[in-house]
Structure formats: C-alpha cells, structure tokens
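A.B. asks: Position chain E relative to chain C; hints supplied.
Number of protein chains: 2
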Amino acid sequence: MSAATDAFVQNNQVRFLEELKSFLRIPSISTLPEHRPDIDRAANFVADSLRAVGMENVELIPTAKHPLVYADWLHAPGKPAVICYGHYDVQPADPLELWKSPPFEPVIRDGNIYARGSADDKGQMYMHVKAVETLRAVNGTLPVNLKFLVEGEEEVGGASIAEFVAKNPAKLKGDVALVSDTALYAPGMPTLCIGLRGLVYMEVEATGPMRDLHSGLYGGAAPNAVFGLIETLAKTKDGHGVIQVPGIYDDVEPPAPAERASWASLGFEEAAFLKNEVGSTRLTGEPGRGVLERIWARPTLEVHGIAGGFTGAGAKTVIPAKATAKVSIRLVPRQDPDRVIAAFKKFLTENSPEGVRLEVRVLSASPGLMVNPDHPAIQVAARAFSDVFGRPTVFIRSGGSIPIVGDFAKHLGIPTVLMGFGLPDDGLHSPNEKYALENYYKGIQTVAHFFEEYGK
Amino acid sequence: MSAATDAFVQNNQVRFLEELKSFLRIPSISTLPEHRPDIDRAANFVADSLRAVGMENVELIPTAKHPLVYADWLHAPGKPAVICYGHYDVQPADPLELWKSPPFEPVIRDGNIYARGSADDKGQMYMHVKAVETLRAVNGTLPVNLKFLVEGEEEVGGASIAEFVAKNPAKLKGDVALVSDTALYAPGMPTLCIGLRGLVYMEVEATGPMRDLHSGLYGGAAPNAVFGLIETLAKTKDGHGVIQVPGIYDDVEPPAPAERASWASLGFEEAAFLKNEVGSTRLTGEPGRGVLERIWARPTLEVHGIAGGFTGAGAKTVIPAKATAKVSIRLVPRQDPDRVIAAFKKFLTENSPEGVRLEVRVLSASPGLMVNPDHPAIQVAARAFSDVFGRPTVFIRSGGSIPIVGDFAKHLGIPTVLMGFGLPDDGLHSPNEKYALENYYKGIQTVAHFFEEYGK
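Same order as they appear, the protein sequences are chains C and E. To convert, note that position 173 of the first sequence is 173 in our numbering; the numbers rise steadily by one, no gaps. To convert, note that position 180 of the second sequence is 180 in our numbering; the numbers rise steadily by one, no gaps.
The shape of chain C in the complex, shown without the other chains:
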C-alpha cells in the first residue's frame, strides 16, 4: 500500500464526498419512465467523471432502454486489463414517509451518508473512478489497463448490458472484472464474495373447471384450481424445506473444508439473525446444515406469490377455475438450469391431481457460479483488502444472483472480483439506505491498491 495514494485519498475526502453527493442527488430510478431524464443525467455524470480523471474513448452507448457508459485507458502494455463494472440506476424510494431525510438529498449522520443509491451502487461504483484519479494524480499513469462499463438497468433486469456483453467480446477483452456491489460480512472485515446462486424464475398456472363454479352445487365433484395448485406446490418441499424434486441435489457439491472453516470464523449468530433480520418465531431449512450453508451453498425453492379465486373482503363460495403462482429455484454452481427446469416440470406433471392441469412458464434462468479463490486476481484482491483493513480477508458466498458475473464468465471467459464495501444493514432497496463514509474512503484505497498490486 503506497503512502502517497493513501495521503491523496485522505487529503481529498471532502471533495470526494461532495462529488458523490452530486451523483446521489440525481433520482435515476430505472423502473419509472418519468425518471428517464434523470437516467440520462446520471449516465452523463458518470461519463463526465470518467473524462475528468483521464479515461479515454468515453461514450454513451444507446440501448433498447437505458444507455451504457463505456470508457477505457489502455496504455499499460504487457499489463492485465480490468473491466470495471457498476450501475448508475437506483431502486424506487417509496415508501417515502419512512425516510428520516429525503432520499435524494444526501445527509451525513453518524459517519454514514444517507441517500437512495449510496451503497447500491453509486457510492461503490464511484470509488472505481476516484481510485483512477488517485493513481494518476500520484503516479501520472495507471498500473493496469482499464475498461469501464457502467449500466443503468441493473435494478430492472439488466437486459441491455447482457446483450452488449454477448455481442462485444472483442471490445470488452480483459483479464478480470471488478464489481463493487456487495457488502463486507461485518464492519471492518475485508470480504471477497466467491460464490453466487443462480436463479430459475417461473410462473405456474393451474386450470380446473372451465369457469368458476358454485362450491355448494359442485363441491365434492369438481376439481378446484387453487387447491390443485397448492396441493402440488406443497409437495415440492417437505416440512423442513428439503426440495422433493427428484435429482435436484444430484449436482450439488458440499462446500470445501477450507470454505467451511472460513465460514466458521465469521462469528455468525443464528439467534440474532432470526430476531433482527428475519423476525419470525423459527428459522426453516434442511436439517443438519448450518444457516450459511443453507442460504449460500444449497438450492432452495420459494413461492414468491400466489393468486387465484376470490380474495376480496367477505365471502364468495366459488370453486376457482384458475390460479397462478410465482415460483423460483435458486441454483448453486454445477447445477444446470435446463435440467432443473425439466425436473421441476416433470415433478409437477406427476404430482398434480386429476382434473387440474398445470402449465409452467420460465421467465428467466441463470446458473450459480463460483470464482476459484486460488485465481491470481482473487489472491491479489485479498491481499490488497487485507493490507488496507489490517485483517485477513474472508471468503464468503452470497445467496443472491448477480447475472452480469455469469455473462462475463460466459462471453468474456473471465472471473470477477466481487469486492464490495457495503454493510449488511445498509438497507438496500429499503428506506434510509446508507453507506459508511469510512468504507467509501477505504474502498477507494483498496481498489487503487488492488490495481497497483495486480499490475506488478
């Protein structure tokens, strides 16, 4: 870790913070059409900031929806190239009344900056820009080649960047991707995420009688679409949440002993997790496996929503003709989404009651993935992280999905360093989203240090 870069970040904290505030004041909510002008302002803010720190070939790339921002700096011959990814769009801010300060008027309280997008992902993607500025200011050059690719649709499915990556592998040629859109496992604990679950998202529609029937006149003889749907879906898991679809666990590998040991060192507290994060009376999940294994390294099946029949106030005695559920299966590495979909469909067909037909529509499918912790870029990233934070880096997984990581692997053939500086209680997608200022500054230092070390 260079004392000079360290000092530069230290001396420019006030300005770095003011710039971030300007970025956060733009309500670039990607899902709301009325914010389209803000999307454009945010994209231009990113482009301008990249130009200002000396990135070249800066361009706004139009897409079917929101523009991508591209920039590069390729004057480090013989050195690796890093693809810096982030997103400038944010989630909607509602319910507004739960915010202590307005979501797009950043405020500092208790060492945190409160604003929509502060942690997810403006505050984190902007660290990459400030790391470039720091290194160029101190050294007059950069230790690695860099390509920035920043999108505005991460919160709405990311279709445009997926298409762009698939179609432009030459333009995006590089050695590793860097994504800062995750969190430290705990405050002060340098953390690299090396595993993500994939996701198969489906709609299941059940059809029973040809129309809603009177339950007095037909109850006892007519099949019920709602009951047929719940009866079938209920069979997909046992009472502990163990998925009953044959073959579903066939390709699931247990975590390696080293990974288990790393998780054991995290100090996970199940009682606090139940009380503070989940807030129910009991946890659920496969017996004999710890919570971290269950949410990071095991496939799970959830019904996200269900609707059918009469659901208004009061009573209506219909035997419903139709019912629909949203169902997903989270996948772990080595599970093939297509095989899982086929097994799920077969299970539903074999287990649906007579008189009720089930139809499955697949809305999206992405595999789970692991980054090899022994990959040189990961090792360098872990060292840089440890150097800045003064503690050994821990390797964790996330139970969520970041589809762009799969796209980088599939189309560019490169691994991704998931080096995030958020905290578990940052309130992503919730009111009062925050980002710790300490992590913002340490993040800039860590990213700069990673570039330095990776260039050696």
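If you are wondering where the hints come from, they were derived from the structure by calculation, not from laboratory data. The reader is advised that the hints may include incorrect statements.
All copies of an identical chain are treated as equivalent in the list; a pair is satisfied when it fits inside any one copy or across any two copies.
[Unchecked claim] EDC-like cross-link-like pairs, simulated, lysine to aspartate or glutamate; straight-line CA separation at most 16 angstroms:
no.: 1; residue 1: LYS275; residue 2: ASP425
no.: 2; residue 1: LYS275; residue 2: ASP212
no.: 3; residue 1: LYS442; residue 2: ASP387
no.: 4; residue 1: LYS316; residue 2: GLU203
no.: 5; residue 1: LYS345; residue 2: GLU34
no.: 6; residue 1: LYS322; residue 2: ASP94
no.: 7; residue 1: LYS21; residue 2: GLU350
no.: 8; residue 1: LYS322; residue 2: GLU97
no.: 9; residue 1: LYS167; residue 2: GLU205
no.: 10; residue 1: LYS21; residue 2: GLU155
no.: 11; residue 1: LYS235; residue 2: GLU163
no.: 12; residue 1: LYS410; residue 2: GLU205
C.D. replies: Same frame as chain C, now just chain E:
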C-alpha cells in the same frame, strides 16, 4: 290450477319481464361497499313492488348492514300463513371480461334472460310478488295469509336477517316458509329440495417473517408465509378430496334407502355433468360414493381464493411475510358447526410448519338440514308443482346452503318449502348467469297455485 290465473300470467308476460329487467339493472352487490346506494335502490324497488300488488305494512327495516324488506297481508282468517323469503342482493360480477353482455344490462337470448341475479335470486323472489298480483287481480283477494321478508345480505352471510328472525318470532309467526332460490333438477322436471348443506366460511391468515425478505439472501433459512399456508391447507384433504381433519365424518349419516332410490330415478349422467357443467378433464371426490351423494350428502372443504406475496407482471424475488386464503367447509345434517370449526382450527395448529403462524377468522357458520317430505305443506307444494309442469315432482337435496331455512326451523319452528325454478346450468355466481323465461312464468303460476291449494 285455475285457467284465469294462468291466462293473467300469459297476458302480462311482457310487463312482468320488463319489471324484472328494471330490478336486474340495479347492481346490488352486497359484498362491495361502493354498491351500498344500489343496495338501497334494490330494497326500495322490492318495497315499491310489494305496495303495488296490495301488500300491506310495507317497511324497510334498518339493520347493522343492509335493510330488510317486510310486508304482510293478513285478511284470510282461519287460513295458514306463508312466510315468503327471498333476497335482493347479488354476487360480484367479476371477471367482467367473460360476460357476453354486461352483467347489469339484462339481455334475452335463446329464451333466457342473462344478468347477474337473474336466477339468484331476483328473478325467483320476484315471482312471489307477481303471484300475489295475479291472484289479487283474478280473485280480488288472497287464499292464504302472507308475510314477505326479503333480505340484502344473502350473498354475505345473512347475519342481519338471522338476528331479526331470532328476535321477532311473534311478528313472523306462520305455518310454513316459501323459498324460491333453488333449481329444477332438469328442464321441465318439477323439483322440491328437501335437504341443504350448511356452511362454515373462514379466512386463514399466515404470517412468516416480519417483512418481505429477499429470497437470495434469506432463502433456505427464513419461513415463507405463502408456502406455510399452502403446505398446511394442502394437508386438509387427500388427493381424492377426502377431508383429513379428524372427526369430520363422525356425525355424517348415509342417505336413507328411499332417498337413494329417488336419486337413482333422476337419470344423472356423470359424463355429461363433467363435460357440460364442470368442464375439466376429471371429476374429483371421495372414492366409492356417487356424485349426487358427494355433492348433496357429504361434507366438503374448498379453498375459494388465495393471495399473498408478489403477483404482478414479471419477477420479484420476495419471501412473503403474509398470505391469506378463503376456506369453507360444507356441512350435512347432524354436523355441529362449532365442533367442525374447533376441529379445523386444531388441525391447522397441529399441521402448520415451524416459523409460520396461522390465524383463523370465522366469517359465518350454519348447519345443514333436512325437511320432512311427508309434511302437509311439502305435499301440497309437490302437487301444485306437478299440476303446472305435468310430471311427478321429484325430491332432491342441494349441496348449497340457505342459512335462513335453519333460522326458520330454529326460531319459528316451521318447515320451508324450497320451490325453485332455476336450472343447473344457470351459472349462479359465474359470468353469464341466466334464468329461463319459461321457468319465470311457470314459477309465477306454480307459486300462485301453491297458495290456492294450500288455502283449501
């Protein structure tokens, strides 16, 4: 059967139909608060029509919810008194897009009048009014004493009329009740219903985590309210529809041999029932019992609707905190609603998964009941029916519930003649509800004839 009453009905068909259309144009949907003004319009329509045919002491009786309409005519000393019951409220009309013509714009097609409430029950209760008009027009008087009691809450549990009947046995003193809210077994077949199922209607609410959670970050550890609900409800029946709640069948009596013989004479065709009425690939229900026994003489459990979590377009990966279902159990004579409710609640408590709490709210509860077919009023009604239709009257049961029949038995000590003129394919509670014009006119004749014969 008097040729004069017959001729009067014949000569006034056009006007009787236009009046019914005016009644049907009022969207008196009792379960939707925004239709409260229509409820009042419908109640006043009934009151005005009773005044117009010479009924006396017409009054709108306010209740906690929707008004009752009362009227009487008591100038036949020494003759029995008939309590004429009906309801002016209707079910909601959704899904609107499935109606071929708007639900509250009555249209005649193929000898039927199509509108919400045409058969259930406006078209049928209005026959009683027109029978009074006919008899008074032809004879200048009535052959029996009459008391009308027409409610506006039949489709929402009928709490107000139940309370009113319980509190006013003197005002409602009579010898028999007449209800036209059932159907002929088949076109042209005069039919008296002598058995009804009761109904326990409940809402079941499930609570899992304290808020909707991200299924990537918590899937595998956090309980899911939707899954907990469907998992528990799915256990209430086996794959054939046999209810699994312990004790549920304890008090269920098999139909008497004479009743079975009567059912066997009806010419029920299972294949046609499946194809024309139910319209699914298979029927369901308890093995070893015929369809008529299953829908008329066995308790059944249905889930009428379910809602929870994300049900919009596209994908949202939540673990839902809440879910709700509407559940009912149909009861047969001798089953005690309170015992059934207690058994159901106990079953849910014992079968709900850890981490999910279920709460049951009972919206209504009424027992099943039988009317003695040898009662003089039933015998007279059967004769009147046969005279008008020219065929022997058959005795059947209905799988539906008419709670007021139980209230009349309990508080007034009188039996009820269930003399209905609907048809099995009228589509009660469904889109395109209809009522056959022939049955509307024959119904008026039959009711008038019943009054004449019962007064002899």
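A.B. asks: Which of the listed hints are broken here?
C.D. replies: 5, 7, 9, 10, 11 and 12
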